[in-house]
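S.K.: The residues making up each chain are set out below.
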Amino acid sequence: MAMISGENHGLRLAVRYAVLGLIAVIFIFPLVFMVVSSLKPDQQLLLDTKSLRAFLPVGDISLDNYVAAFQRAPVGLFIFNSVLVTGATVLLSLLVCSLAGFAFVFINWTGRELVLGIILATLIVPFETIAIPLLLLMSKLPWLGLDGLTWGWLNSYRVQIVPLVADGLTIFLFVQYFKDLPGELIEAARVEGATWWQIYRRVVMPLSGPILATAAILKFLIMYNQYLWPLMVVQDESYRPVMVGLQYFFQLNRAWGEIMAYLSLITVPVLGFYLVLQRAFIASIASTGVKG
Amino acid sequence: MKTVKLLAATALSLTCWLAPASAATTLTMWYHGAGGAGANENEEKILDQVIADFNASQTDWKVELQSFPQSAYNDSVVAAALAGNLPDILDVDGPIMPNWAWAGYMQPLQIDEAKIANFLPGTKGVWDGKLYSIGLWDAAVALVTRKSYLEELGLREPTLDQPWTQDEFTAALQAAKDSGKFKYAIDLGMAWDGEWYPYAFSPFLQSFGGDLVDRETYQTAEGVLNGDGAVAFGTWWQSLFTEGYAQSTQDPAARDAGFNSGDYAFSWNGNWAAPKMLETYDDVVFLPAPDFGSGPKIGAASWQFGISARSQHPDGASAFIEFAIQDKYLAEFANGTGLIPATTTAAALTEAYQPGGKLAVFYELSERQGVLRPVSPGYIVQSKVFEKAVNDIAKGAAVEDTLDAAVDEIEADIEKNGGYGH
Numbered sequence: 001m002a003m004i005s006g007e008n009h010g011l012r013l014a015v016r017y018a019v020l021g022l023i024a025v026i027f028i029f030p031l032v033f034m035v036v037s038s039l040k041p042d043q044q045l046l047l048d049t050k051s052l053r054a055f056l057p058v059g060d061i062s063l064d065n066y067v068a069a070f071q072r073a074p075v076g077l078f079i080f081n082s083v084l085v086t087g088a089t090v091l092l093s094l095l096v097c098s099l100a101g102f103a104f105v106f107i108n109w110t111g112r113e114l115v116l117g118i119i120l121a122t123l124i125v126p127f128e129t130i131a132i133p134l135l136l137l138m139s140k141l142p143w144l145g146l147d148g149l150t151w152g153w154l155n156s157y158r159v160q161i162v163p164l165v166a167d168g169l170t171i172f173l174f175v176q177y178f179k180d181l182p183g184e185l186i187e188a189a190r191v192e193g194a195t196w197w198q199i200y201r202r203v204v205m206p207l208s209g210p211i212l213a214t215a216a217i218l219k220f221l222i223m224y225n226q227y228l229w230p231l232m233v234v235q236d237e238s239y240r241p242v243m244v245g246l247q248y249f250f251q252l253n254r255a256w257g258e259i260m261a262y263l264s265l266i267t268v269p270v271l272g273f274y275l276v277l278q279r280a281f282i283a284s285i286a287s288t289g290v291k292g
Numbered sequence: 001m002k003t004v005k006l007l008a009a010t011a012l013s014l015t016c017w018l019a020p021a022s023a024a025t026t027l028t029m030w031y032h033g034a035g036g037a038g039a040n041e042n043e044e045k046i047l048d049q050v051i052a053d054f055n056a057s058q059t060d061w062k063v064e065l066q067s068f069p070q071s072a073y074n075d076s077v078v079a080a081a082l083a084g085n086l087p088d089i090l091d092v093d094g095p096i097m098p099n100w101a102w103a104g105y106m107q108p109l110q111i112d113e114a115k116i117a118n119f120l121p122g123t124k125g126v127w128d129g130k131l132y133s134i135g136l137w138d139a140a141v142a143l144v145t146r147k148s149y150l151e152e153l154g155l156r157e158p159t160l161d162q163p164w165t166q167d168e169f170t171a172a173l174q175a176a177k178d179s180g181k182f183k184y185a186i187d188l189g190m191a192w193d194g195e196w197y198p199y200a201f202s203p204f205l206q207s208f209g210g211d212l213v214d215r216e217t218y219q220t221a222e223g224v225l226n227g228d229g230a231v232a233f234g235t236w237w238q239s240l241f242t243e244g245y246a247q248s249t250q251d252p253a254a255r256d257a258g259f260n261s262g263d264y265a266f267s268w269n270g271n272w273a274a275p276k277m278l279e280t281y282d283d284v285v286f287l288p289a290p291d292f293g294s295g296p297k298i299g300a301a302s303w304q305f306g307i308s309a310r311s312q313h314p315d316g317a318s319a320f321i322e323f324a325i326q327d328k329y330l331a332e333f334a335n336g337t338g339l340i341p342a343t344t345t346a347a348a349l350t351e352a353y354q355p356g357g358k359l360a361v362f363y364e365l366s367e368r369q370g371v372l373r374p375v376s377p378g379y380i381v382q383s384k385v386f387e388k389a390v391n392d393i394a395k396g397a398a399v400e401d402t403l404d405a406a407v408d409e410i411e412a413d414i415e416k417n418g419g420y421g422h
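Chains as they are written, first to last, in full-length UniProt numbering: chain A, 1 to 292; chain B, 1 to 422.
Honestly, the hints are just simulated from the structure, not real lab data. Glycine is no exception: its CB is placed at the ideal position from the N, C-alpha and C atoms. Some hints could be false.
[Unchecked claim] Cβ-Cβ distance ranges computed for the label pairs, FRET-style:
(1) A/Gln-71 to B/Asp-251: 24 to 34 angstroms
(2) A/Ile-217 to B/Gln-166: 54 to 64 angstroms
(3) A/Asp-64 to B/Gln-49: 18 to 28 angstroms
(4) B/Gly-194 to A/Val-276: 37 to 47 angstroms
(5) A/Gly-87 to B/Lys-147: 54 to 64 angstroms
(6) B/Glu-400 to A/Gly-272: 33 to 43 angstroms
(7) B/Asp-251 to A/Gly-272: 31 to 41 angstroms
(8) B/Ala-398 to A/Val-125: 49 to 59 angstroms
(9) A/Gly-272 to B/Glu-151: 55 to 65 angstroms
(10) B/Asp-167 to A/Leu-271: 51 to 61 angstroms
(11) B/Ala-348 to A/Leu-271: 52 to 62 angstroms
(12) B/Glu-151 to A/Gln-71: 56 to 66 angstroms
(13) A/Pro-133 to B/Glu-64: 22 to 32 angstroms
Excised from the complex, chain A in its bound form (with noise of 0.2 angstroms):
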């Protein structure tokens, strides 16, 4: 019987990890297609897609479309233009938008489910509709720099950072989160004579870890991935993100090795934002005050 039920585990094990195993490559497939594409010539790359050579690293193997990508377009430029935006936009966003979900659950104030209300009914608002007055606006806003008061934040990192810090998804992830927390906690440590920030920093932003893994995520993703906005906001090369850089390649005769080679760049900051963030998902995990 005990045989029995160990061979049934067993073939479950197998059933599971097949399943598993099977998701893991049609999710794998398409960075193994762009990497290995990224090393191959466009005539071999285009014959390779007919066979499952394709993901293979064999042919004429080299590193020229990588090298090509570099003299066509400024990549370096345009991934540090991305990460610094991204990165910038991303803990701001979490500052911004944990404070007001904060305020929203936890301090009682006239209005706040009316504001609240407002806050996510923008859910259903694409922001196509309010781009061009928000361009309106960041045309007209001044700005007090080196070179003193000027007028329009056109052509800069700010213009891609300050209008799309606070955003209503991302504070209704953590109204939904602090809902969830004891409320003992935050009455203990009022009774106890902390400061509202003291609350925040000290006893709920503590226990937030897997919603701000959560938030950086999914605000990582968008930031990366703006097309649009920077698009109508910077005219400047020297501003660029990943993104419109990618124009630069679809030209009338596409070169894929060089898109390819310049996908594969533009994902490793991506990559790497994940590993960082894994650890500190799994840290902020094993440090919270409330367990199970």
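We have chain A already, so just place chain B on it with the hints.
M.R.: Below, chain B alone, put in the same frame as chain A:
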């Protein structure tokens, strides 16, 4: 005290001495060539050289270039126009220019029109009787094949004076299909969406006697986009796919490499693709468009230079454009990119386009068969409507219904925009 006076005098004289050098007014220029305009990265290099030469040739103006990827260029310009952030000099795709002029993004050029009297018609951007843009080159489409294919299939080689008729063209496609040698008889470039569709395929419609819009008034498409000629065009167009001569959905890779790999007997393609074809085959021929009853036609007008309405220095911008349209630069662009030089005198300076040159036929095609797309601000909508209609018909939609719907859409747009100022 003496020292102070001496220093002040020195500073003053230095300022006066340096003043002329720093007096050059900066002119910003936007251009669609980041990453290699069209199909050729030489285009931007040559433009850089023209700008460097212009900046060195005088002390009043200094042109600074900002390049955009072509596929993002028009959207960037429109967004910048909304934000009041346009540069002094723009480059603009010929058929788009009337819209930008009508919308107030551009102002007329201040150049001596005698200097462009001998330019190809497709290179002159005229709206409302005024010259708004001028092109240093044009582009042309040809029916590309190989002499050996024509011989194997027993086909007459058409000429500019005697192009194929519709029957001859159909017979040629049938012969290619029957030979069993090719995947498809013709590569139409269905993989290239966007402006390629109206640029490459609306001349077929015009050769059938139809058009995107009535060019007498530009107020209606009724009777031209759904008249007898247009329906005949739509029926013929659909037959290309139902008869199996062409594919309605094409992989971009097949467009890029299909003809050069022997997958197609014919390719409907532009002169920018010609250099690669000539490298692949030594017997490539560029045939004129067939005549479907109202004369053989191909699209005209490519990218051109103009001045933004925001520019405070139209005189400087015009001076740059006048400088850029010298024959030597037209020839350099043609040599570097394969594009058609705007004048015969420039063509004579090139190897490929001089009489007897490998690409000279494109100059003649442009001159004799080139037809401008409708010169109307509404073209930007008409082109999209046409693109969708031919795509739908290619995939089996009912011809008359599709064209009627396209007419309705175009007319609604014209009405919504108050007739577009015609």
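S.K.: To test your reading of the hints: which numbers does this structure violate?
M.R.: As far as the earlier hints go, 6, 8, 12 are violated by this structure, in ascending order.
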